[in-house]
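Each protein sequence line maps, in turn, to chains A and B. Mapped onto this note's numbering, the consecutive letters of the first sequence carry residue numbers 1 to 200. Mapped onto this note's numbering, the consecutive letters of the second sequence carry residue numbers 201 to 849.
Just so you know, the hints here were simulated from the structure itself, not pulled from any lab data. Glycine is no exception: its CB is placed at the ideal position from the N, C-alpha and C atoms. One or more hints might be untrue.
[As the list claims (entries may be wrong)] Sample of chain B residues facing chain A (criterion: CB under 8 Å; computed from the structure):
{"#": "1", "residue": "E460"}
{"#": "2", "residue": "F464"}
{"#": "3", "residue": "G473"}
{"#": "4", "residue": "A484"}
{"#": "5", "residue": "V487"}
{"#": "6", "residue": "G498"}
{"#": "7", "residue": "L504"}
{"#": "8", "residue": "D505"}
{"#": "9", "residue": "E524"}
{"#": "10", "residue": "V646"}
{"#": "11", "residue": "D647"}
{"#": "12", "residue": "I650"}
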Amino acid sequence: MSLVNFTAREITCKIVYYGPGRSGKTTNLHYIYGRVPETRRGRMVSLATQTDRTLFFDFLPIDLGQISGFSTRFQLYTVPGQVYYNATRRLVLQGADGVVFVGDSQARQLDENIESLQNLQSNLLEHGVDVRAMPLVMQYNKQDLPAELILTPPELEDALNFRGVPSFAADALHGTGVFETLKAISELVLKKLAAGSPAV
Amino acid sequence: MTSTLHPRFTFETFVVGAANRLAVTAGRTVAENPGSAYNPLFIYSGSGLGKTHVLMAIGHAAKAIAAQLHIEYLTLDEYVEAFHAAIAAGQGDAFRRRFQNVDVLLVDDVQFLTNRKEMQAELLRLTEALQQAGHQIVLASDRPPAEIADLDERLISRFSGGLVVDMGIPDYETRVAILRRKAEERGSNFQPGVLETVAKVEFPNVRELMGALNRLIAFQAVNEPPMNEEAVRKVLGIRSGDAAAASPAAASPAAASADEFSQFLTDVTATVGKAVEAWRARVAEAVLRWEGEGYRTGRLEQLLDHETPPAVDEAIAAYVQDVERLKALEAEVAVLDPQAAGDKVFRDPGQLPAAEAAAAKVRDGAGPPPAPSAAFPLDGYCAGPSNEIALKGARDVIAKPGKKYNPLVIVGRSGLGKTHLLHAMGLELAKKKHAVVACLSTQQFVDELIAALDGNRVDWWRARYRRATAFLLDDIQLLAGKERTQEELFNLFNQFLDADRQLVFTAPAHPNTLDGLEERIVSRLEGGLVVEIQEPDKGLKRAALERLLKSQRVAADAALLDYLVDRPVESVRNLGALVQRVIEAAAAQDAPLTAGLARDVLEGAPPPRRTLGTRTSGIVVSSAGGVRSREKMVWDWPAAADRVIEDMR
Numbered sequence: 001m002s003l004v005n006f007t008a009r010e011i012t013c014k015i016v017y018y019g020p021g022r023s024g025k026t027t028n029l030h031y032i033y034g035r036v037p038e039t040r041r042g043r044m045v046s047l048a049t050q051t052d053r054t055l056f057f058d059f060l061p062i063d064l065g066q067i068s069g070f071s072t073r074f075q076l077y078t079v080p081g082q083v084y085y086n087a088t089r090r091l092v093l094q095g096a097d098g099v100v101f102v103g104d105s106q107a108r109q110l111d112e113n114i115e116s117l118q119n120l121q122s123n124l125l126e127h128g129v130d131v132r133a134m135p136l137v138m139q140y141n142k143q144d145l146p147a148e149l150i151l152t153p154p155e156l157e158d159a160l161n162f163r164g165v166p167s168f169a170a171d172a173l174h175g176t177g178v179f180e181t182l183k184a185i186s187e188l189v190l191k192k193l194a195a196g197s198p199a200v
Numbered sequence: 201m202t203s204t205l206h207p208r209f210t211f212e213t214f215v216v217g218a219a220n221r222l223a224v225t226a227g228r229t230v231a232e233n234p235g236s237a238y239n240p241l242f243i244y245s246g247s248g249l250g251k252t253h254v255l256m257a258i259g260h261a262a263k264a265i266a267a268q269l270h271i272e273y274l275t276l277d278e279y280v281e282a283f284h285a286a287i288a289a290g291q292g293d294a295f296r297r298r299f300q301n302v303d304v305l306l307v308d309d310v311q312f313l314t315n316r317k318e319m320q321a322e323l324l325r326l327t328e329a330l331q332q333a334g335h336q337i338v339l340a341s342d343r344p345p346a347e348i349a350d351l352d353e354r355l356i357s358r359f360s361g362g363l364v365v366d367m368g369i370p371d372y373e374t375r376v377a378i379l380r381r382k383a384e385e386r387g388s389n390f391q392p393g394v395l396e397t398v399a400k401v402e403f404p405n406v407r408e409l410m411g412a413l414n415r416l417i418a419f420q421a422v423n424e425p426p427m428n429e430e431a432v433r434k435v436l437g438i439r440s441g442d443a444a445a446a447s448p449a450a451a452s453p454a455a456a457s458a459d460e461f462s463q464f465l466t467d468v469t470a471t472v473g474k475a476v477e478a479w480r481a482r483v484a485e486a487v488l489r490w491e492g493e494g495y496r497t498g499r500l501e502q503l504l505d506h507e508t509p510p511a512v513d514e515a516i517a518a519y520v521q522d523v524e525r526l527k528a529l530e531a532e533v534a535v536l537d538p539q540a541a542g543d544k545v546f547r548d549p550g551q552l553p554a555a556e557a558a559a560a561k562v563r564d565g566a567g568p569p570p571a572p573s574a575a576f577p578l579d580g581y582c583a584g585p586s587n588e589i590a591l592k593g594a595r596d597v598i599a600k601p602g603k604k605y606n607p608l609v610i611v612g613r614s615g616l617g618k619t620h621l622l623h624a625m626g627l628e629l630a631k632k633k634h635a636v637v638a639c640l641s642t643q644q645f646v647d648e649l650i651a652a653l654d655g656n657r658v659d660w661w662r663a664r665y666r667r668a669t670a671f672l673l674d675d676i677q678l679l680a681g682k683e684r685t686q687e688e689l690f691n692l693f694n695q696f697l698d699a700d701r702q703l704v705f706t707a708p709a710h711p712n713t714l715d716g717l718e719e720r721i722v723s724r725l726e727g728g729l730v731v732e733i734q735e736p737d738k739g740l741k742r743a744a745l746e747r748l749l750k751s752q753r754v755a756a757d758a759a760l761l762d763y764l765v766d767r768p769v770e771s772v773r774n775l776g777a778l779v780q781r782v783i784e785a786a787a788a789q790d791a792p793l794t795a796g797l798a799r800d801v802l803e804g805a806p807p808p809r810r811t812l813g814t815r816t817s818g819i820v821v822s823s824a825g826g827v828r829s830r831e832k833m834v835w836d837w838p839a840a841a842d843r844v845i846e847d848m849r
């Protein structure tokens with residue numbers, strides 16, 4: 001997917017929220033959806049099960065309007081976190097310009113986080129993309145939970161962020177860190193545009 | 201009750217940036233096509249971001265395109281006040297009619313609809329009526345419809361059914377542009393970097409930005425040397441390296457978190473601004489701007505296909521120059537032939553030569569409306585008691601066209617000088633600056649319309665008259681039975697009245713006694729000043745005779761003048777005919793022009809007396825008497841005996 005189309009004067013950023021099941025990817029999108037003015041957002045498509053587990057993916061288009069003469073749109077996707085939906089995850093990753101890895105801060109979810117991160121790496125490779133070339137931001141969600149249940153951001157940094165990408169502590173349910181994460185991934189993606197190397 | 205549009209609040213004085221471009225583009229579109237593009241248009245933004253400016257700019261732009269449009273701007277409070285006053289006066293229906301007839305209604309501060317159920321119902325009714333009638337309504341508020349507390353669901357859906365656009369906080373580039381423009385308007389010069397330093401402060405609205413500029417201007421006015429960046433920081437209390445810290449918005453975490461998306465948008469805008477090559481951004485901005493104004497931008501878009509920066513600024517400047525030329529051509533053609541002005545060639549800078557050719561074609565075909573005849577100067581018009589009111593009315597109209605008597609209707613029988621006075625007025629009105637006077641007979645007006653209909657050039661024909669500053673029509677009774685012409689005249693009439701442009705008509709009798717004229721036209725004619733020219737009095741006739749004889753270079757003796765003045769004529773025209781006969785007779789007989797000759801010519805010379813068998817009646821015919829012609833006079837009487845015998849038979 002081309003990030004920028006000069007002829008059509010369009011910039012379209014596809015950002016995928018990746019992470020283990022129930023880590024809060026859809027919650028991120030819901031929070032963003034609630035803050036974007038009605039005139040700037042499209043319909044949020046969410047295919048979920050009765051227990052609110054993402055079945056296929058969530059999709060939230062945001063129209064940022066004309067920026068520097070370019071019609072700028074963000075397309076935010078989530079992937080289903082459950083292990084058995086890997087084909088869907090791979091599909092959603094296709095053409096991504098940036099990835100937000102939403103980690104679950106609960107100590108007992110650490111293995112799932114690591115597994116999901118490895119899954120991200122392998123799925124990107126399936127698309128011929130080196131994860132090191134992909135703009136990536138880490139979000140450590142659920143930091144609002146009791147301290148005894150969660151790992152601190154430095155602990156999570158040690159465990160997950162071996163590449164040293166930008167990271168944010170978050171409480172997606174109440175919005176803490178949500179827009180900071182989105183802003184960080186947007187900057188990384190757009191800086192790639194400035195560097196002249198289009199994304200995937 | 202209604203506020204007037206502030207003359208400075210136009211689109212030209214509004215600085216457009218990413219945050220308000222959509223609103224401005226929508227506003228321009230609405231001004232160009234009121235009632236058809238986005239109806240209603242709902243603009244919302246925080247305080248001080250330019251809602252009122254855009255609202256008024258729409259009014260100005262719409263008026264500039266179609267001067268006849270009825271445009272009203274008012275705040276919701278003014279609307280409520282007017283409504284209450286109307287209800288108190290028992291004029292509720294008149295209030296509704298008043299607003300339903302507005303072509304473009306601009307309502308500001310709609311957020312005050314909260315808890316005003318009766319006004320919501322009234323506004324809903326008005327919005328529906330305006331939409332149905334194809335009239336435009338534009339509303340401005342500090343929040344979107346859905347967030348106006350206690351707002352009727354039907355109003356929300358009605359407002360959302362048009363276009364709802366927001367205006368955000370201007371970005372850095374826009375803030376710089378605003379500051380530069382305002383500083384220039386106030387004649388203040390700042391050192392390079394000063395305004396940029398101010399613009400780095402993220403003021404929550406433009407008003408506060410202006411406040412900061414005011415402080416700088418005031419400070420610079422009393423201090424030497426000129427301000428530098430450091431002084432600016434000091435004056436505005438900006439900490440070095442942390443411009444945003446001075447922003448009241450940034451100082452308030454609650455306010456900042458309340459609009460996370462706006463903040464995000466600002467950040468992304470800055471990032472994209474850095475990411476997109478500057479020359480591409482300039483081209484894309486230009487494309488967006490001119491596309492929004494309805495021009496084809498293919499020429500600019502081609503620039504974006506280049507890998508390396510071409511001569512962008514020169515290309516954009518050339519494009520803008522061509523657009524300006526197209527605008528000028530379009531405006532010129534719109535006056536001459538509105539239909540032709542709609543040609544897409546005037547919207548494509550790539551086809552400038554074709555546009556020039558199209559304009560030239562229209563220019564060639566568009567003559568001015570028929571002008572008054574130079575044969576009827578005002579100083580050649582004789583005054584007397586019989587026409588003094590008409591002449592006074594005419595002079596007042598000449599002095600203050602469109603202001604005092606509009607329309608002026610001159611009535612009187614044929615030959616009394618109505619046409620002369622009409623053309624004389626036309627000639628005087630035409631002497632005024634930028635005057636275009638249309639003066640013609642009704643028959644010509646009808647014939648022209650028929651020809652225009654036949655040639656499918658009615659728009660062109662209308663435009664010819666609509667650009668006139670005065671419209672003078674002779675013999676309006678000839679409109680009888682000509683429905684289409686009356687329709688056109690009615691529309692023209694209203695436009696002239698609305699624009700305070702003068703209308704003058706002549707008719708043989710009072711308009712309300714003429715057959716075949718539509719009531720709406722009659723009532724408008726009677727609504728002006730109707731003046732009557734009477735049969736010429738002696739003074740008028742004497743003045744007319746003197747002028748006639750003088751124009752023929754004939755010396756008139758007093759007896760001749762007395763004789764001719766005493767002749768019973770119905771009009772100056774007939775008097776002229778008499779004089780002409782006498783002059784011709786004098787020339788034919790090579791005799792001097794005397795009262796005797798005139799009497800001989802006009803009444804017939806008495807035959808030589810018979811010496812036998814007959815005698816004259818001995819009646820002395822007075823020149824002022826009832827016997828007017830020789831044919832009706834019995835000159836030869838038979839002898840009395842013969843008459844008796846004849847009678848006895």
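Each hint, compared with the structure:
Below 8 Å, beta-carbon pairs count as interface contacts, and E460 (chain B) has one with chain A at about 4 Å; its hint therefore holds. This hint holds: F464 (chain B) has a C-beta 5 Å from the nearest C-beta of chain A, less than the 8 Å allowed. The closest approach between the C-beta of G473 (chain B) and any C-beta of chain A is roughly 5 Å, which is under the 8 Å cut-off, so the hint is satisfied. Below 8 Å, beta-carbon pairs count as interface contacts, and A484 (chain B) has one with chain A at about 2 Å; its hint therefore holds.
A hinted interface residue such as V487 (chain B) counts as satisfied when its beta carbon comes closer than 8 Å to some beta carbon of chain A; here the least separation is about 6 Å, so the hint holds. Annotation: G498 (chain B) was flagged as interfacial toward chain A, and the flag is violated, the nearest CB pair being 11 Å apart, outside 8 Å. Given hint, L504 (chain B) at the interface with chain A, holds; its Cβ is 4 Å from that chain's nearest Cβ, closer than 8 Å. With a least beta-carbon distance of about 6 Å to chain A, the hint placing D505 (chain B) at the interface is held under the 8 Å criterion.
Because the smallest distance between the Cβ of E524 (chain B) and any Cβ of chain A comes to about 20 Å, over 8 Å, the interface hint for this residue is violated. The beta carbon of V646 (chain B) comes no nearer than 54 Å to any beta carbon in chain A, farther than 8 Å, and the hint placing it at the interface is violated. Violation of the interface hint for D647 (chain B) is found here, the shortest Cβ-Cβ separation to chain A being roughly 54 Å, above the 8 Å cut-off. The interface hint given for I650 (chain B) is broken, as the beta carbon of that residue sits about 51 Å from the closest beta carbon of chain A, more than 8 Å.
Hint compliance for this structure: hints 6, 9, 10, 11, 12 are broken, all remaining hints hold.
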